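Chain residues, written in single-letter form:
Number of protein chains: 4
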Amino acid sequence: MNFKKKVRQSFARQRIMDLIGAKLTKVEKGFCEIQLPYKIELTQQDAFVHAGMIGTIADSAGGYAAYTLMEEGASVLTIEYKLNLLAPAIGDIFIARSKVVKAGKIITVCNSEVFAKTGKKEKLCATATVTLIALRIK
Amino acid sequence: MNFKKKVRQSFARQRIMDLIGAKLTKVEKGFCEIQLPYKIELTQQDAFVHAGMIGTIADSAGGYAAYTLMEEGASVLTIEYKLNLLAPAIGDIFIARSKVVKAGKIITVCNSEVFAKTGKKEKLCATATVTLIALRIK
Amino acid sequence: MNFKKKVRQSFARQRIMDLIGAKLTKVEKGFCEIQLPYKIELTQQDAFVHAGMIGTIADSAGGYAAYTLMEEGASVLTIEYKLNLLAPAIGDIFIARSKVVKAGKIITVCNSEVFAKTGKKEKLCATATVTLIALRIK
Amino acid sequence: MNFKKKVRQSFARQRIMDLIGAKLTKVEKGFCEIQLPYKIELTQQDAFVHAGMIGTIADSAGGYAAYTLMEEGASVLTIEYKLNLLAPAIGDIFIARSKVVKAGKIITVCNSEVFAKTGKKEKLCATATVTLIALRIK
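Protein chains in written order, with the working numbering: chain A, 3 to 140; chain B, 3 to 140; chain C, 3 to 140; chain D, 3 to 140.
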């Protein structure tokens with residue numbers, strides 16, 4: 003269960019998550035979920051949550067999904083991410099779920115989906131591919 | 003000069019820019035610059051600015067560069083963006099500059115560069131491609 | 003069943019598919035599969051199939067998956083695609099399967115997976131996101 | 003001038019370049035150009051060159067631009083590429099030019115531009131970002 007602890011500790015150090023109000027809600031081997039409640043401070047000109055916030059949780063969910071599979075002593079860094087916005091980011095809460103597609107010794111690739119939840123209903127509002135690198139600190 | 007006004011008005015409605023502390027610093031035909039000063043509240047686990055914040059300013063700079071060339075009555079929406087992180091986001095201030103690469107009636111594509119400025123020195127820390135759509139509201 | 007016919011007719015006009023030896027093997031609403039047998043003429047410097055060929059079938063599979071859901075008279079065009087290479091393209095045959103993730107009136111987004119099949123075994127060797135536009139010809 | 007030789011030798015082993023008719027036309031430190039003459043065998047349903055072919059030369063140009071800066075004994079592999087199609091691929095010849103944006107010990111990022119040349123006139127028809135990895139074979 004060590005991987006859950008290291009993810010929770012790293013997430014707790016991401017000050018940005020506090021600022022925007024995001025919570026780490028699930029960590030499994032090769033999987034991570036982050037939730038971000040709607041607040042008006044996160045919005046763009048039309049009162050939708052800004053695409054950059056959707057990207058932020060999609061990226062962090064991908065990073066931590068990858069991190070669960072990395073060996074001890076490795077640190078995780080995003081090389082690139084690519085986000086497709088499929089529907090306006092309107093809802094009570096936004097849920098990013100990311101799965102490892104390919105875990106390599108150096109490179110890991112994750113697919114993230116972001117759902118806008120309103121009441122009980124979830125709607126897919128974005129998908130992302132996140133490419134990460136494992137760095138060994140000596 | 004109408005295009006500058008419409009960009010400034012739209013930017014002023016992006017509540018997220020207030021939250022993170024980003025400023026619109028330049029608007030020209032087919033070009034936009036946004037600056038984001040470093041603050042600890044924006045960081046990830048290693049005290050670098052979170053990739054999602056870099057994406058946020060790269061995306062908005064792209065959106066507004068595109069918006070300067072769109073006809074009146076059109077509204078701009080990001081379809082997708084793709085961000086490559088080239089160096090750790092360390093510096094005093096982060097400057098996103100975006101240029102329109104291709105302006106179409108429906109689709110516009112912009113390239114954004116994000117520089118980390120420390121003292122007088124700027125270092126390229128990320129590049130992004132942003133694909134936008136012009137929506138006509140009737 | 004009209005959508006199958008229009009896809010088959012369009013695919014038959016893609017001369018490149020003849021050159022590389024690709025076949026359209028499945029068409030469903032929102033889905034398309036294309037197969038490409040290995041041949042030495044398709045390879046890069048290490049005798050793996052070139053990433054560009056993997057991209058070619060991932061893109062066409064995405065385009066035709068999208069096309070199955072487009073209204074009559076619309077023509078389909080790729081705006082952008084993004085390909086992650088997960089494993090060397092070695093195998094007897096490469097199978098691109100693409101699904102529509104979001105079908106819009108203007109923009110459609112598809113996710114493609116490319117598998118390298120050797121004997122009975124399939125291995126995921128690439129994933130792609132393909133963003134398409136429906137053009138109405140008047 | 004060793005880097006030119008290693009690029010030319012590697013390119014000569016890319017059998018796919020023969021099949022489609024692409025030529026390596028320029029190699030400098032951090033730069034590569036590949037040209038692909040139009041032929042009907044390369045086209046999609048509307049007689050434009052298929053996006054996959056544009057991706058093929060954009061990817062190889064990026065790979066070899068990166069390769070010029072890699073140390074001896076390293077081999078280059080594409081991790082991912084992302085292609086935006088800006089104009090229909092119509093012209094006499096297609097010219098992919100790629101520049102290294104960031105050369106790292108492990109990861110290199112290149113930006114490729116593809117121009118459609120008709121007579122003396124060049125038109126930008128696609129841009130790509132290519133992310134590559136240097137593999138050390140022991």
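Honestly, the hints are just simulated from the structure, not real lab data. What you are looking at is a predicted structure, and each value in this text was computed from that prediction instead of being measured. Glycine is no exception: its CB is placed at the ideal position from the N, C-alpha and C atoms. Hints may be right or wrong, so weigh each one.
Unchecked claim - Below, a list of computed lysine-lysine pairs in the DSSO-like style, where the Cα atoms sit at most 30 Å apart:
no. : chain 1 : residue 1 : chain 2 : residue 2
1   : B       : Lys-31    : D       : Lys-125
2   : D       : Lys-31    : B       : Lys-123
3   : B       : Lys-104   : B       : Lys-7
4   : B       : Lys-107   : D       : Lys-123
5   : B       : Lys-107   : B       : Lys-122
Claimed, not checked - Pairwise CB distance ranges (calculated):
no. : chain 1 : residue 1 : chain 2 : residue 2 : range
6   : A       : Ala-14    : C       : Lys-125   : 36 to 42 Å
7   : C       : Ala-89    : D       : Lys-125   : 20 to 26 Å
8   : B       : Pro-90    : D       : Arg-10    : 53 to 59 Å
9   : A       : Glu-43    : C       : Pro-39    : 51 to 57 Å
10  : A       : Gly-23    : D       : Ala-49    : 50 to 56 Å
11  : A       : Glu-43    : B       : Leu-126   : 41 to 47 Å
12  : A       : Ile-95    : C       : Ala-89    : 32 to 38 Å
13  : B       : Pro-90    : A       : Gly-106   : 19 to 25 Å
14  : D       : Gly-106   : C       : Lys-107   : 40 to 46 Å
15  : C       : Ala-89    : A       : Arg-138   : 19 to 25 Å
Hint-by-hint comparison with the structure:
1. Taken as a hint, the B/Lys-31 and D/Lys-125 pair is honoured in the structure, with Cα atoms around 21 Å apart against an allowance of 30 Å.
2. For the given pair, D/Lys-31 sits about 25 Å from B/Lys-123 by alpha-carbon distance, which is consistent with the 30 Å threshold.
3. Annotation: proposed proximity of B/Lys-104 to B/Lys-7 holds, straight-line Cα distance about 22 Å (limit 30 Å).
4. Under the criterion of a C-alpha separation no larger than 30 Å, the hint pairing B/Lys-107 with D/Lys-123 is consistent with the structure, at around 23 Å.
5. The suggested pairing of B/Lys-107 with B/Lys-122 is violated, with an alpha-carbon distance near 39 Å, which exceeds 30 Å.
6. The given range of 36 to 42 Å is respected by A/Ala-14 and C/Lys-125, whose C-beta atoms sit roughly 37 Å from each other.
7. Judged by the Cβ atoms, the range 20 to 26 Å given for C/Ala-89 and D/Lys-125 is violated: they are separated by roughly 36 Å.
8. Taking the beta carbon of each, B/Pro-90 and D/Arg-10 are about 36 Å apart, not inside 53 to 59 Å as hinted.
9. One distance hint, 51 to 57 Å for the beta-carbon pair A/Glu-43 and C/Pro-39, holds here, with the actual separation near 55 Å.
10. A hinted range of 50 to 56 Å for the beta carbons of A/Gly-23 and D/Ala-49 is consistent with their spacing of about 52 Å.
11. A C-beta distance of roughly 30 Å is found between A/Glu-43 and B/Leu-126, which places it outside the suggested range of 41 to 47 Å.
12. Taken as a hint, the range 32 to 38 Å holds for the pair A/Ile-95 and C/Ala-89, whose Cβ atoms sit roughly 36 Å apart.
13. The hinted range of 19 to 25 Å is satisfied by B/Pro-90 and A/Gly-106, whose Cβ atoms lie roughly 22 Å apart.
14. For D/Gly-106 paired with C/Lys-107, a C-beta distance near 42 Å keeps the hint of 40 to 46 Å intact.
15. Evaluation of the 19 to 25 Å hint for C/Ala-89 and A/Arg-138 yields a pass: the beta carbon distance comes to about 22 Å.
This entry does not satisfy hints 5, 7, 8, 11, going by the numbered hints stated previously.
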